[in-house]
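The listed protein sequences correspond, in order, to chains A and B.
Every letter in the first sequence is one number past the one before it in numbering that gives the first Met the number 0, and letter 145, counting from 1, is 144.
Every letter in the second sequence is one number past the one before it in numbering that gives the first Met the number 0, and letter 21, counting from 1, is 20.
I should point out that these hints are in silico values taken from the structure, not numbers from a laboratory.
Hints should not be assumed to be uniformly reliable.
What the hints assert, rightly or not - Below, in silico cross-link-like pairs of lysine-lysine (BS3-like), each with a Cα-Cα straight-line distance of 27 Å or less: (1) B:18 <-> A:107; (2) B:90 <-> B:101; (3) B:230 <-> A:107; (4) A:107 <-> A:132; (5) A:10 <-> B:230; (6) A:206 <-> B:410; (7) A:132 <-> B:14; (8) A:103 <-> B:16; (9) A:244 <-> A:214; (10) B:16 <-> A:107; (11) A:85 <-> B:14; (12) A:217 <-> A:169; (13) A:169 <-> A:125; (14) A:149 <-> B:230; (15) B:8 <-> A:103; (16) A:10 <-> A:206; (17) B:230 <-> A:85; (18) B:14 <-> A:103; (19) B:18 <-> A:85; (20) A:85 <-> B:16; (21) B:114 <-> B:148; (22) B:16 <-> A:125; (23) B:90 <-> B:114; (24) B:409 <-> B:230; (25) A:10 <-> A:292; (26) A:107 <-> B:14; (27) A:103 <-> B:230; (28) B:18 <-> B:8; (29) A:103 <-> B:18.
As the list claims (entries may be wrong) - If you want the footprint, here are the derived chain B segments under chain A, 3+ residues with CB under 8 Å: (30) 0-11; (31) 207-219; (32) 224-236.
Cβ atoms here follow ideal geometry from the backbone N, Cα and C, with glycine treated the same way.
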Amino acid sequence: MTLQIDQVTKKFGTFTAVDQLNIEIEQGTMYGLLGANGAGKTTTFRMILGLLTPNEGHITWRGETISYATSPHIGYLPEERGLYPKMKVEEQLIFLAQLRGMNKQDAKQALTHWLDRFEIPQYRTKRVEELSKGNQQKIQVIASLMHNPKLLILDEPFSGLDPVNVEMLKAAILDFRNDGATILFSSHRMDHVEELCEQLSIMAHGKQLVQGSLKEVKRGYGKQDVRIHADFDLSELAVMPGVEKMTPSIEGAVFQISDDIVAQQLLEEAMKRGPIRQFVMEEPSLHDIFIEKVGNAHA
Amino acid sequence: MREFWLVFKQAFMTKAKTKSFIITTIIMVLALFLMANLNRVIDGFTSLTGGDETDVVFLVTEDEALYEQIIQTHQSGEHTFMFARDESQSKEQLEEELKEEKFTGLLEVRQDEQKVIQATYSSMSIIDVQLPTEIETILQAVQTEAQAKQLNLSTEQVSQLLTPVQMESKNISPTAKSDEEYVQATILVYVLMFVIYFAVIMYSSMIATEVATEKSSRVMEILISSISPVKHMFAKVLGIGMLGLLQLVTLGVAGFIAIRSNQTASTFTDLISFSEVSKTTLIYALVFFVLGYFLYATLAALLGSLVSRTEDVQQLIMPMTLLIVIAFIIAVTGLNNPEMALVTWASYFPFFTPLVMFLRVGLLDLPFWVPLLSVGIMLVTIFILGTFGARVYRGGVLMYGPSRSLKDIKKAIDLGKE
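Next up, chain B with everything else stripped away, as it sits in the complex (with noise of 0.2 Å):
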């Protein structure tokens, strides 16, 4: 046991003292900060270039009673830019000086005999949405107060044409969750996939290239004289997975005070904030990410000890990649509809299981025994890898030579078990 944990400790501090991940450790939880205070880093630079102005539209008309209504409908409500009218200029006066940009847009309206508005606004922005529609709302007020004059109706019967439809839809499936809840889960759920996707990519496949260093550098000899290569592996999987939690953890608290600090009427913060559905999502997400961590990284140790130069290793792990990638490619499918058929029975394929059966256990409100039943899974899954990559390991180590391919797995048994 004495060497087990001296591994483990060599595996975990060698890499956590090293600059490279303690500066991407810091990277990331700046990046945090950044994104969860992301208003306001916004509001900083608005305040900074002076802000917005507020738009002026200038309108051009011959209709006089038109102009009025309009401009009278303009000011009962609030709206984000303002009207203006200047007779001393002709329309193609005016064009030329939207085009110098010294007001915003330029809307042209006439009324024909049915009283139907004909606009054209010209702006020099192409991607400014907003303005267009709030001119169009106002517009339409107009023109229907103007046909209903016409047709003699009351305000109130005029009201009542418009009345909208009282609809609402309602979801009575016992594993569907609240509207509000979905919502709140989808956005958890897709970052937290996120996490554990890149975080099972690269911890694994650190632990392939360290295997690999080992071997390459031939201190794997030594190593394995002292240690057993099963102790060994066991320790550099548990070693450099702790320390994969640890950066987790550390963006975690990170990620929670920075969202905690930033409390004030943010949205986003709000959809996330921590209710009794995120908990348990969260515990999930740590379940899934530790198993499939496991998963992975027992998988890498075998493939990594494979190799004995270090510049296979991406060659021979391309494969373990292609499954996670799968996994994922399938869960981000199953984020518009987690109850397709494909989601239910790939989250029950251990290797797919971290990734697909988070995304149905984090969005719908599955029996307990639907996780429980893929984690059994997965355990079995990684005791049966564990097993059959000691054996491959511990003749891995020993093999040297051009060995890239998978056909290589025999020839390491075979050699482990002389």
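Isolated chain A (complex conformation) (with noise of 0.2 Å):
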């Protein structure tokens, strides 16, 4: 258990920011955190970093507090970009970099690396007003993984980023992980979090509505789609116990059940009314996951 975060509740007043939160995070595997805005991630990050003290619960690292004296081992992303406008890219990076304890030799080898990995090497001595969102983004990836942490926070890491430099951004973060980091990620894209993750949270209003693996989630949510295609109305079949939910689709309608024998009762049902072109059952998305869980809990 590298990262643990025990029943971690956060107040601002009369304000509770996080609730109960319970987060525990294996070496080397990538945990995402889910959640509307305002859910209370950034604070859950800011609590792990130690800018923000729990009300109740603990958060350790390797059975440790964490505490500036971990912080060469932790690399953070923060939402927003965070660096000097005015600076050149080298110089801040380098500076960044030292605060995180590397030496400047190892900094600049560092640096010239991350430079080429991520393909812009050409910016190494321009300022980063003078880059274009999605390169601020890149360096300040770069500013997050260059003195190669144990530990990787990151705070919407995608967002701003064209589809080839998410798969580029992609790599370096499951290379990290391979080495044995521990990531920990927030993200509103539920594509990146089902591809990447192991683990994850979904988070509303400072509660932590589910967690697990994404199979626990999925199997937890307890309700599968079936999609059917076929040519007659298939709109008598909604009635049918278990049946939760029909949605009609071109060429057929997606049914939502609660148990997989009705799966097999839909099939029979459907071919005594005639031929069907296309039968699948389909595991829930995330996304459905997370505006049906998010969505009560606005209710």
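Reconstruct the complex from the two isolated chains, following the hints.
What follows is the structure in structure tokens.
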């Protein structure tokens, strides 16, 4: 267990920003933190970094409380750009790497490596304000990776990047994970979380609604989608027991069911009525789970 | 400590390397040299434009004896002008020529029975006060002589009559300085007061802007995840402070060289020659600049940490700037009367001390414990403000939103505590 967040609550006055949060992240895994705006993700990150102290609960990394002594092992990418607009890329990144405990020589080498890897060596002597948003984001990412951190905290790492750069960044993050780094990241993009994370949490209004591995979360959702393509009217099937919702589609309909057995019954009933062109059982997407969970929490 | 020096170096270097900082310093040094050599510059211009010609004043009188006397008196002394006479021209013709500025002035004189001289001086220049005064002195002498003759007074009797009173003013207050010292000190104190005033305003608002920039660019979040906000704040204050000291020392050295290189016949440089008095004054100036800077810079950092946008900085540091301005006004008022009660009391108020106490130690011979006491008060205030500032700063740097009032200080402290 490297990062452990144990029953953590954070209040600002009467407002509870984070309520009884539990997260455990194994070394060498990636953890996704999902949540709408204002769900308490940034507050959680700030508590992990030691910038804020929880009112209740503990946060430990490798069994110890995080302090400025551990900060050289942590890489942090804030949600919004956090760079000096008027400083040159090189000076800035070396300064930030030195603050994280690197010496100047190593910092220079790491800088060359990362600028090349992200295909932006030409920006080395440019000022940050002269760069495009996407390139600034790349510099920001380099700032969080340069000192080879063992714990990476990435707040919306992919925002503002085009698909090519997203792939470049994903590859870099996966390399870190394969080298044994522990990674916690937040995103609005469900597909990224689904693709990258072994474990995840969904937060809303400071509360942890769902948590576990991707499979557990999907299974725990307890619902599946059945997609049937047929040329006859399927709407009669909507009243069958076990069917929770039917959404007509162009070629047929999608049924949301609560149990695997219902799928078999649906197939039998449908076949009685005519020829079926396609029958697919689909896992619920993280997107659907998120919308339902967070949507309910809003209501 | 490593991070502390990194931030210190960064605060110092990035500013010191900017073009604006280098150019401003160069301009200031050039201005100093220009000021120290002002007399040469003026001489240069004068020789370039051909200099001033000797003024000519035409004398119009019907009294031959009076004319002779005036010319005689004029010749017996040194004067910046010369008299001329042209009997072929009438007074009106001469006036016409005066209007064309062919000469400087026209003096019409006559003498009545009582030997009182009635004179009219006309000229085209309004601002020239020296010439009429000189003429008046000559005429006065002529008149005195004529009247003495009428009263049958000998030359000795006349000079006896005109002997001025011998009066010397002496200040026996133990805190007073000698007249000469006092004039020297006033000029030096005045100049240094300006320097302290501008430097404190300039560098502390630089701090506030720096902190606000780091906050608005969100680089602060990264910084304070590597270095504690308190260390960051003091490293920043110290870094900019060193920058200010470097700039002031550069100017000081440049000023010294400029004055030294122009030691010849300048009354200004004589006045602020580096006597024993001015040495202690300079040391006090340095002490009060450093203390004043730390006091105001800590306050500025605190205020800067409260805003999220650099545009709001000026608004929030306004009350602080006002404090310095008030201190400056009190100090300037005190220049004429440094023993005023207001000045004495204000000099112990830590926010006024850098200027007002400096004025007092510069102009008066105070017992040593007086400035020492005020330095002590300042140190305690800086310590309290530093502790308090650090608490506000810790929360302030994490606070975003439309914060631009002093009420946010409480919010920041709460956030920093948690």
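Hints, verified against the model:
Between residue 18 (chain B) and residue 107 (chain A) the alpha-carbon distance is near 25 Å, which keeps this suggested pair within the 27 Å criterion. Between residue 90 (chain B) and residue 101 (chain B) the alpha-carbon distance is near 14 Å, which keeps this suggested pair within the 27 Å criterion. Under the criterion of a C-alpha separation no larger than 27 Å, the hint pairing residue 230 (chain B) with residue 107 (chain A) is consistent with the structure, at around 26 Å. For the given pair, residue 107 (chain A) sits about 24 Å from residue 132 (chain A) by alpha-carbon distance, which is consistent with the 27 Å threshold.
With a C-alpha separation of about 26 Å, the suggested pair residue 10 (chain A) and residue 230 (chain B) falls inside the 27 Å cut-off, and the hint holds. With a CA separation close to 24 Å, the supplied pair residue 206 (chain A) and residue 410 (chain B) stays within the 27 Å bound. Only pairs whose Cα atoms come within 27 Å are accepted, and residue 132 (chain A) paired with residue 14 (chain B) is accepted, the gap being roughly 25 Å. The suggested pairing of residue 103 (chain A) with residue 16 (chain B) holds, with an alpha-carbon distance near 19 Å, which does not exceed 27 Å.
For a cut-off of 27 Å, the pair hint linking residue 244 (chain A) to residue 214 (chain A) stands: about 23 Å separates their Cα positions. Taken as a hint, the residue 16 (chain B) and residue 107 (chain A) pair is honoured in the structure, with Cα atoms around 20 Å apart against an allowance of 27 Å. Taken as a hint, the residue 85 (chain A) and residue 14 (chain B) pair is honoured in the structure, with Cα atoms around 11 Å apart against an allowance of 27 Å. A C-alpha spacing of about 23 Å is found between residue 217 (chain A) and residue 169 (chain A), which places the hinted pair at or below 27 Å, so the restraint holds.
A hinted pair counts as satisfied when its Cα atoms are at most 27 Å apart, and residue 169 (chain A) with residue 125 (chain A) qualifies at roughly 25 Å. Proximity of residue 149 (chain A) to residue 230 (chain B) is assessed by CA-CA distance (about 25 Å); at most 27 Å being required, the pair is judged to hold. Note on residue 8 (chain B) and residue 103 (chain A): the hinted pairing holds, with a Cα-Cα distance of about 14 Å set against a maximum of 27 Å. With a CA separation close to 12 Å, the supplied pair residue 10 (chain A) and residue 206 (chain A) stays within the 27 Å bound.
Restraint check: the Cα-Cα separation between residue 230 (chain B) and residue 85 (chain A) comes to about 23 Å, which is no more than 27 Å; the hinted pair holds. With a C-alpha separation of about 20 Å, the suggested pairing of residue 14 (chain B) with residue 103 (chain A) holds against the 27 Å cut-off. This hinted pair checks out: residue 18 (chain B) and residue 85 (chain A) have alpha carbons roughly 12 Å apart, not beyond 27 Å. The suggested pairing of residue 85 (chain A) with residue 16 (chain B) holds, with an alpha-carbon distance near 12 Å, which does not exceed 27 Å.
Between residue 114 (chain B) and residue 148 (chain B) the alpha-carbon distance is near 10 Å, which keeps this suggested pair within the 27 Å criterion. The suggested pairing of residue 16 (chain B) with residue 125 (chain A) holds, with an alpha-carbon distance near 16 Å, which does not exceed 27 Å. For the hint pairing residue 90 (chain B) with residue 114 (chain B), the CA-to-CA distance comes to about 23 Å; that is within 27 Å, so the pair holds. Our distance criterion of 27 Å between C-alpha atoms is met by residue 409 (chain B) and residue 230 (chain B), whose separation comes to about 21 Å.
Restraint check for residue 10 (chain A) and residue 292 (chain A): the C-alpha separation of about 23 Å stays at or below 27 Å, so the hint holds. Under the criterion of a C-alpha separation no larger than 27 Å, the hint pairing residue 107 (chain A) with residue 14 (chain B) is consistent with the structure, at around 22 Å. Restraint check: the Cα-Cα separation between residue 103 (chain A) and residue 230 (chain B) comes to about 21 Å, which is no more than 27 Å; the hinted pair holds. Proximity of residue 18 (chain B) to residue 8 (chain B) is assessed by CA-CA distance (about 18 Å); at most 27 Å being required, the pair is judged to hold.
Under the criterion of a C-alpha separation no larger than 27 Å, the hint pairing residue 103 (chain A) with residue 18 (chain B) is consistent with the structure, at around 25 Å. Interface restraint, the region 0-11 of chain B with chain A: holds (5 residues with C-beta to C-beta distance below 8 Å; minimum three). Under the rule that three or more residues need a Cβ within less than 8 Å of chain A, the assignment of the region 207-219 of chain B holds, with 6 such residues. By the rule of at least three residues with a Cβ nearer than 8 Å to a Cβ of chain A, the coverage given for the region 224-236 of chain B holds, with 4 such residues.
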